[in-house]
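Start from the sequences and build out the full structure, keeping to the hints where you can.
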Amino acid sequence: MSTLEIRDLHVAVEDKEILRGVNLTVKAGQTHAIMGPNGSGKSTLAYAIAGHPKYTITGGQVLLDGEDLLEMSVDERARAGLFLAMQYPVEVPGVSVSNFLRSAVTAVRGEAPKLREFAKDLKAGMEALAIDPSFAQRNLNEGFSGGEKKRHEILQLELLKPKIAVLDETDSGLDVDALRVVSEGINRFRAKGDTGVLLITHYTRILRYVKPDFVHVFAGGRIVEEGGPELAEKLEAEGYAAYVKEVA
Amino acid sequence: MGLDTKPLSTLHDKSSYDLEDFEVPTGREENWRFTPLSRLKGLHKGTAGPVGDTGGHVVVHVDAAPEVTVETVGRDDPRLGKSFAPTDRVSAQAWTSFEKATVITVPREAVASKPTVVTLTGSGDGAAYGHLLVKVEPMAEAVLVLEHLGSAVYADNVEFVVGDGATLKVVSLQDWADDAVHVSQHHARLGRDATFRSFVVTLGGDLVRLSPSVSYTGPGADAELLGVYFADAGQHLEHRLLVDHTHPRCRSNVDYRGALQGQDAHAVWIGDVIIRVEAEGTDTYELNRNLILTDGARADSVPNLEILTGEVAGAGHASASGRLDDEHLFYLQARGIPYEEARRLVVRGFLGQLIERIEVPELRERVFAEVEAELSK
Chain A
1 MSTLEIRDLH VAVEDKEILR GVNLTVKAGQ THAIMGPNGS GKSTLAYAIA GHPKYTITGG
61 QVLLDGEDLL EMSVDERARA GLFLAMQYPV EVPGVSVSNF LRSAVTAVRG EAPKLREFAK
121 DLKAGMEALA IDPSFAQRNL NEGFSGGEKK RHEILQLELL KPKIAVLDET DSGLDVDALR
181 VVSEGINRFR AKGDTGVLLI THYTRILRYV KPDFVHVFAG GRIVEEGGPE LAEKLEAEGY
241 AAYVKEVA
Chain R
1 MGLDTKPLST LHDKSSYDLE DFEVPTGREE NWRFTPLSRL KGLHKGTAGP VGDTGGHVVV
61 HVDAAPEVTV ETVGRDDPRL GKSFAPTDRV SAQAWTSFEK ATVITVPREA VASKPTVVTL
121 TGSGDGAAYG HLLVKVEPMA EAVLVLEHLG SAVYADNVEF VVGDGATLKV VSLQDWADDA
181 VHVSQHHARL GRDATFRSFV VTLGGDLVRL SPSVSYTGPG ADAELLGVYF ADAGQHLEHR
241 LLVDHTHPRC RSNVDYRGAL QGQDAHAVWI GDVIIRVEAE GTDTYELNRN LILTDGARAD
301 SVPNLEILTG EVAGAGHASA SGRLDDEHLF YLQARGIPYE EARRLVVRGF LGQLIERIEV
361 PELRERVFAE VEAELSK
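Going line by line, the protein sequences match chains A and R. So for the first sequence, our numbering puts the first residue at 1; every next one is plus one. So for the second sequence, our numbering puts the first residue at 1; every next one is plus one.
By construction, these hints were calculated from the structure, which means they are not laboratory data. Quick reminder that beta carbons are idealized off the backbone N, C-alpha and C, glycines included. Hints are not guaranteed to be accurate.
[Unchecked claim] From the structure, some residues in chain R lie toward chain A, with a derived Cβ separation under 8 Å:
hint: 1; residue: H328
hint: 2; residue: Q333
hint: 3; residue: Q353
hint: 4; residue: P361
Here's what the structure looks like:
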């Protein structure tokens, strides 16, 4: 069973401290929701764990099954079993979706998938997420709508089968239909049982489709309150005002 | 055939068949300022090594489509040099010095059933000069491949004369050995409603300076000039384009992309487009992008657009040189793809968007393979 442990994590961007001591443990089989107002540092947490060069770790540890993720390069972290679904997936000109996915699957599994098997998995994965087959030949994220980009992120999640998935505002910008399709994808991934999910969101809407086991409220660069699903309902009713004031 | 001093345009100010009309460049001239003259092996000042048996030679071999005729002719063949006059000293030197020319003719309304491949292989010390005329008669269609291999100090002029309603697609591959020096003028003269597609791939050679130019003799013609280059440590790869719109409703599209890596890798791209008073309804766009992969590499990119009429359908240019995008690499690496492979994917993608447009499938695969090989260095 996999475990992601975040211990007293401090992160700065250009000398400005954004995360101020985050502690969180995500175990396989669990879904944790991190909720918080804009600018609270939620996305910083996601990108810092994944190793984006813009973020400087100034203190603390991030361990995946006891291995220090912070000592690893971005690609090593992914191969160790971490996945980050991005809020704004970038467009990469000239790199086709199928070429990209095959390269990623090969890298993560440590060997090239059998071509027929891969084609079958890809087709099934795309169908389940209502992604048009023509996407495989298109350039990575180029000209994709917001919803298409997010569905494509979840397709990668399902193909790469990580131990721990960090989903950064995967729900933002989705209409109800797309949200349902994307949530079903996340739920298929969760149903495998041996994976953990850290779901970062601004809104409670997605939590009606993807039920969390734990809810953490993020404000001012740290977790300020923790609870079960009922905490999300409280946030739905009362908003973040109380927490923003508290930090200020 | 004396000096034409009529100022054609600020971008195209002089042309002549006479070598003496061109001063030996010093490197301060606008059209020579980027070129390291000391590495031209004397091509620019008449001191390049001996020609022929004791000197350098470039062997021309043509594997022609059956519909196409191929001739080797002397300097006095009246068909030569009709489509253009040299506009710089080395081009004039090549015109003055070549001994045999190759003439390839695609007869009227003929459709060539396979690409005609011209292989130019250099060997020996000393210099060599060449001339190639490709004549595509009205309504004919052909694909031509120019392949430059081996080691040479070579200056040449290539004329593409594309008749009314005819189509010529050219792929010119500069795949020279590391020590080669090549200075070349490619001039296309397009008839009414003609279609010209040029794809330039420059990978090998110590110094390559290739100047593709286009002129029009009637309305409605369409020129597309695409190019990719990959400059390694110490290589100087220079492409100087000139499209001179003199007739109404013609189109030109220029898109050159390069990658550079290693100490003193140097790429130069000059994109000149002139739209004359009489060229109403012209539609033109030129673009150059460079991807600088390491420190110590340098790209110079200068687009010039001179518009002399108020009636254009479209005219624009863009130039961008930069490093690999960290966000691209992060995204690929975040999916487990190691840095080196991520870098290869991005560069291959960047150049590949053009390479995919090479008309000859075998050549497309070969260029992809060569770009991969450059990236693995």
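A quick look at each hint next to the structure:
For R:H328, the interface hint holds, since its Cβ comes within 8 Å of a Cβ in chain A; the closest pair sits about 5 Å apart. This hint holds: R:Q333 has a C-beta 4 Å from the nearest C-beta of chain A, less than the 8 Å allowed. For R:Q353, the interface hint holds, the least distance from its beta-carbon to any beta-carbon of chain A being 4 Å, beneath 8 Å. Of the supplied interface hints, the one on R:P361 is violated, with its beta-carbon coming no nearer than about 17 Å to a beta-carbon of chain A, more than 8 Å.
Hint check: a violation occurs at hint 4 only; the rest are consistent with the structure.
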